[in-house]
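In case you want the letters, here they are:
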Amino acid sequence: MKSNLSWSSLFNPFTRIAGWQAFFPGLVGILAMSIIGSYSGIVFDGVIDVHFSNVDVLTALQYMGFSMLALILVFWLVALLLSKGFRLIDLLGTLTLSKAPYLLLAIAGFFAEAPDAQMIISNPGILLESTAFLVVTAITIPITIWSVALMYHAFSISCDLKGSRATVAFIVALIMAEALSKVFIHYFV
Amino acid sequence: MLPTQCPSCQEQLNVTCLKCAHCGTEVHGVYDLPLLARLTEADQQFVLRFVKSSGSLKEMATQMKLSYPTVRNLLNEIIQKINDDEK
Numbered sequence: 001m002k003s004n005l006s007w008s009s010l011f012n013p014f015t016r017i018a019g020w021q022a023f024f025p026g027l028v029g030i031l032a033m034s035i036i037g038s039y040s041g042i043v044f045d046g047v048i049d050v051h052f053s054n055v056d057v058l059t060a061l062q063y064m065g066f067s068m069l070a071l072i073l074v075f076w077l078v079a080l081l082l083s084k085g086f087r088l089i090d091l092l093g094t095l096t097l098s099k100a101p102y103l104l105l106a107i108a109g110f111f112a113e114a115p116d117a118q119m120i121i122s123n124p125g126i127l128l129e130s131t132a133f134l135v136v137t138a139i140t141i142p143i144t145i146w147s148v149a150l151m152y153h154a155f156s157i158s159c160d161l162k163g164s165r166a167t168v169a170f171i172v173a174l175i176m177a178e179a180l181s182k183v184f185i186h187y188f189v
Numbered sequence: 001m002l003p004t005q006c007p008s009c010q011e012q013l014n015v016t017c018l019k020c021a022h023c024g025t026e027v028h029g030v031y032d033l034p035l036l037a038r039l040t041e042a043d044q045q046f047v048l049r050f051v052k053s054s055g056s057l058k059e060m061a062t063q064m065k066l067s068y069p070t071v072r073n074l075l076n077e078i079i080q081k082i083n084d085d086e087k
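Order-wise, the sequence lines are chains L and R. Residues in the first sequence are numbered from 1 upward in steps of one, following my numbering. Residues in the second sequence are numbered from 1 upward in steps of one, following my numbering.
These are computed hints drawn from the structure, not numbers from a lab. Certain hints may be false.
As the list claims (entries may be wrong) - Looking from chain L toward chain R, a few residues come up when the C-beta cut is under 8 Å (computed):
(1) PHE14
(2) THR15
(3) ILE17
(4) ALA18
(5) GLY19
(6) ILE157
(7) SER158
(8) ASP160
(9) GLU178
(10) LYS182
Glycine included, every Cβ here is placed at the ideal spot set by N, Cα and C.
Turn these sequences into a full structure, and let the hints steer you where they fit.
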């Protein structure tokens, strides 16, 4: 029973925390991952994007800021269209906390370095020689799935949407938010 | 807890007999259960909490150790059940 509770809390903590309670730890998380990522060579340049790249702290924070702006803006608009009643702070808080798993990737960046792009082009086999790079790349997938699952529950609980309606709306909103974050980053960073 | 569903076919039960505890008089007939009595025990507990907390979902969320939107969603589900029952 206790382990079930822990697992459900890991993928859906929003039955217990939302609003400002979720926003403050989420804010600390996204600031920490941006700052740590700028030192470990990991950049979060999109709603669900993670890349090996060296950027300064200010740029990393701008990437995160515009990604979050796109995420909140799109989901808020979708919620206005579909939800009968919701609080913006619940959507803001829960979606912000949904990004928390990426903090693990920011830390993992200290243990791996991406091979130089020119070297990869001339010798793609070099990727297979960099075990740490492959491991970090591999753990990106489950961590992204974890974060997306959190985002879904954040959206579903904050807006009281369930079933196929919620799933379709979430997928469309996530794709739109990802595209919008790229537009913001392209024009403003 | 008052049983509200038939244990055999799960249909809604009706009241067919009421008895005065004082004089023993019995009233027979077919009466619908009140709307709130048709809710599940958990839903009735929720409605009681809602009334006791003067309708404050924030206070209920604190008492129930749940988030505000979760409590609001539970209330929405009960409202939906009542609306469906009224139709």
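Inset, instruction - Have a go at the PHE14(L) hint: is there a Cβ in chain R nearer than 8 Å to its own Cβ? - result: 6 Å, holds
* Using Cβ atoms only, decide whether ALA18(L) comes closer than 8 Å to chain R, and label the hint accordingly. => Cβ of ALA18(L) sits 4 Å from chain R, so the hint holds.
How about GLU178(L): closest beta carbon in chain R under 8 Å, or not?
This hint is violated: GLU178(L) lies away from chain R, its Cβ roughly 24 Å from the closest one there, beyond 8 Å.
Item checked: Supplied contact hint for THR15(L), tested at 8 Å Cβ to chain R -> 5 Å, holds
Does ILE17(L) hold up as a contact with chain R if the rule is Cβ-Cβ below 8 Å? 6 Å, holds
- Closest C-beta approach of LYS182(L) to chain R relative to 8 Å, hint status: Violated: closest Cβ of chain R sits about 29 Å from LYS182(L), beyond 8 Å.
**Prompt:** Hey, does the SER158(L) contact hint survive, CB to chain R under 8 Å?
**Reply:** 5 Å, holds
| Holds or violated: GLY19(L) as interface residue toward chain R, Cβ cutoff 8 Å? | It holds, given that the least Cβ distance between GLY19(L) and chain R is near 6 Å, below 8 Å.
Identify whether the interface hint at ILE157(L) stands, where standing means a beta carbon of chain R within less than 8 Å of its own.
5 Å, holds
Original post:
Are ASP160(L) and chain R close enough, Cβ to Cβ, to be under 8 Å, as the hint says?
Top reply: Check passed: Cβ of ASP160(L) comes within 5 Å of chain R, closer than 8 Å.
Of the hints listed earlier, those the structure fails to meet are numbers 9, 10, in rising order.
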